[in-house]
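Produce the complete structure using the sequences and hints provided.
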Amino acid sequence: MVGPGSARLVARGLAVRHASRLAWALTGVDLVVEPGERVLVTGASGAGKSTLFAAVAGLLDPEAAEVFGELTVDGEPPRAARDRLGLLMQDPDSQLVMTRAGDDVAFGLENAGLPPAEIWPRVDAALADVGWRYSRERATQALSGGEKQRLVLAGALARRPGLLLLDEPTAQLDPAGSDVVRDAVSRAVAARGTTLLVVDHDAAPWLPLVDRVVEVRDGGLAEHPPGWRPLPRAAGLVLPPAPAWTSPVHPPPSGITDAGEPGPPPVDPAGRRRDPALVAAGAGFTYRGTTTPALAPTDLALHPGQVTAVTGPNGTGKSTLALLLAGLRAPTTGSVLASADLAVRGERRPHRWRAGAVVTRIGTVFQQPEHQFLTGRLRDELELGPLRSGTGSATARARAEELLERLGLAPFADANPYTLSGGQQRRLSVATALATAPRVLVLDEPTFGQDAATWRELVTLLAEQRAAGCAVCTVTHDRDLVDVLADEEVAL
Amino acid sequence: MTASLALGPAPDVPLSRINPCAQILASVVVSLVLLATLDVVTPAVVVAAELCLLPAAGLTSLRTLLLRTWPLLLGAATLAVVNLVLGDAGVLGALGIALRVVGLALPGVLLVASTDPVRLADALTVHWRFPPRVAVGSLAALRLVPLLVAEFETVQLARRTRGVEAGHNPLARVRLLAGVAFTLLVGAVRRAGRLATAMDARGFDSGIARTNARGSVLRARDHVFVAAAVVVAAAAVTTSVLAGTWAPLFVGG
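Sequences listed follow chains F and V, in order.
Residues in the first sequence are numbered from 1 upward in steps of one, following UniProt numbering.
Residues in the second sequence are numbered from 1 upward in steps of one, following UniProt numbering.
Do not take every clue at face value.
[What the hints assert, rightly or not] Computed far set for chain V versus chain F, every beta-carbon distance over 12 angstroms:
1. 55
2. 62
3. 73
4. 87
5. 95
6. 111
7. 186
8. 243
9. 245
[Stated by the list, open to error] Per label pair, the in silico range of CB-to-CB distance:
10. 166(V) with 346(F): 19 to 27 angstroms
11. 77(V) with 79(F): 36 to 44 angstroms
12. 134(F) with 133(V): 26 to 34 angstroms
13. 21(F) with 77(V): 56 to 64 angstroms
14. 244(F) with 153(V): 38 to 46 angstroms
15. 375(F) with 78(V): 37 to 45 angstroms
16. 108(V) with 139(F): 18 to 26 angstroms
Rather than coming from a laboratory, the hints here were simulated on the basis of the structure.
Note that beta-carbon positions come from the ideal geometry of N, C-alpha and C, so glycine has one too.
What follows is the structure, encoded as structure tokens:
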């Protein structure tokens, strides 16, 4: 269906270069999107997808980027056609303006100077078209990430755009939230017949929703044939196995090997031969001033050479559990205890350790890499942990060099961490945790929003840590990650 | 967690039915009287009248009231003690000073407790022609405050994961806090940039005269409310003069 007022997008010989960069971000891009057509733009991190989105959305600052070639929406340059565009971007919290749902959808109509009597019917229509299930009075702060994005979409739709532009709208959402967003988008385009351009590195989930797929590669554009499907990201991935002394899935019968001869005696009944490095026993957490626990009492043991995945829906306290395991918060019930050989002068409770002692024992990787960056150079960032834990500066430097090389970050050794791409930042944050060679690694959604290439690098990196005897614990929604890597899954 | 700080729509209390503009005007009226005198009777009458409005603003439990006003009460008490010890105001004078501070600040407490920020912005733009850039921009910024608080906690925890910790050294603590503040600032600026882009994309501040979907109406009760404030102010002055305590601040000679 082609909706009334659907826009036509034309790019011919489009080339973009960001100021202060020598390389072209995009070159020779040709793309025509007919009115009512739905197109997915995919491609790896850093291929130029975001630049293309910014150009089409009219967000490129003319002083910060050179643009050559033709780019029009209904014959006008994007900046002039701004009122014909509806935008949905990554971060829901920086796209909502008002405290109530209805007011937020009305915001764009007030800006257009519509009389109040015309605003509310259009607000209701837009909310209905995205499948909104609450009242107009609903507080925006109380919404889940997916529902926030649904609301942002309604706000864009209310202005009756000719072209809907989506930039990785599910990148910051869990699988359930992503489904909500795609549901809203499919309802919206079905109801309005608006032209749709989706930019996302994760192509597969959008395929049922779009007419065709183009891929940004090396700054240019290539069209995929009908029926194209992306390779599964785990395809052909060969990982170093868990160390031979762990066999958590199929514990050997005690004391007897295949040949029927007595083997080395297992140490614990599950067949693991190393004691756990970290044990949570009935560990729970309730925030001060609240009555419902953020984390119900949980039992968990992290064994050396084993990957434990913590899964479960939102709100079950997965991230809180990670904070307890990482020694960042003290459990309000139960206990989290390290093994005797990890203890600091007999103290086995990680939250009682000094920060300098924590980093050599437990490496922690947060969801947002930027929260953990403390210095202005990658090199300094990697040396920080070792220096803080009392390692000599020569050793720290050597360790940093080695990690930079291994993770392909050596060309950026003197760059500011904030200037890296999302995938590079994620690799750096894992590298900083590894710099102190901790015996335990705790990660919160390490593969969140990462493209296939970064995903494979991360999974390989974690498998290497496991092979080296590290006890790895990852909180995740990522089913592929659990399937490929987890030796044990704890569902909250 | 920061759930308690989440800025949702304000609860609907009886005082919410008074237009924010009327509330502001009323507080200006009583403030003028409080600023004009140094005695103890005038602020006592004004504060008494303001206290009568607490139930209408939903502030009935002592706990919630203290939670919202403890910095104010602490400040007023400190001021009174300082004046008592160092000044020549005497007990009554010091009490008068404390009451004035409370009397000046309580209307603000009442306004915040009863008024949705959105209604306030609506009233200011509709009746007093506040530029939407400022009013709506402030609303958008207000939404980001709880996010900033949550981020503050995360960034602090994140420092510990990198081996950085102040321990008991106050100087290190200040330096650490400065670092956290800087990280937050960087994040806030970037988020604000994204928000501005999103608002632009929905036609904010594009030169078209903005309409207001909710509107803001001044009713008879709003006029009555302001008139009542004038009556309270007059009553306070009259009582003070009759009691012989009236001590105007600005008198020639």
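Each hint, compared with the structure:
no.	hint	in the structure
1	55	holds (25 angstroms)
2	62	holds (17 angstroms)
3	73	holds (21 angstroms)
4	87	holds (40 angstroms)
5	95	holds (34 angstroms)
6	111	holds (16 angstroms)
7	186	violated (7 angstroms)
8	243	holds (45 angstroms)
9	245	holds (44 angstroms)
10	166(V) with 346(F): 19 to 27 angstroms	holds (24 angstroms)
11	77(V) with 79(F): 36 to 44 angstroms	violated (58 angstroms)
12	134(F) with 133(V): 26 to 34 angstroms	holds (30 angstroms)
13	21(F) with 77(V): 56 to 64 angstroms	holds (60 angstroms)
14	244(F) with 153(V): 38 to 46 angstroms	holds (42 angstroms)
15	375(F) with 78(V): 37 to 45 angstroms	holds (42 angstroms)
16	108(V) with 139(F): 18 to 26 angstroms	holds (23 angstroms)
In the structure shown, a violation is registered for the earlier hints numbered 7 and 11, in ascending order.
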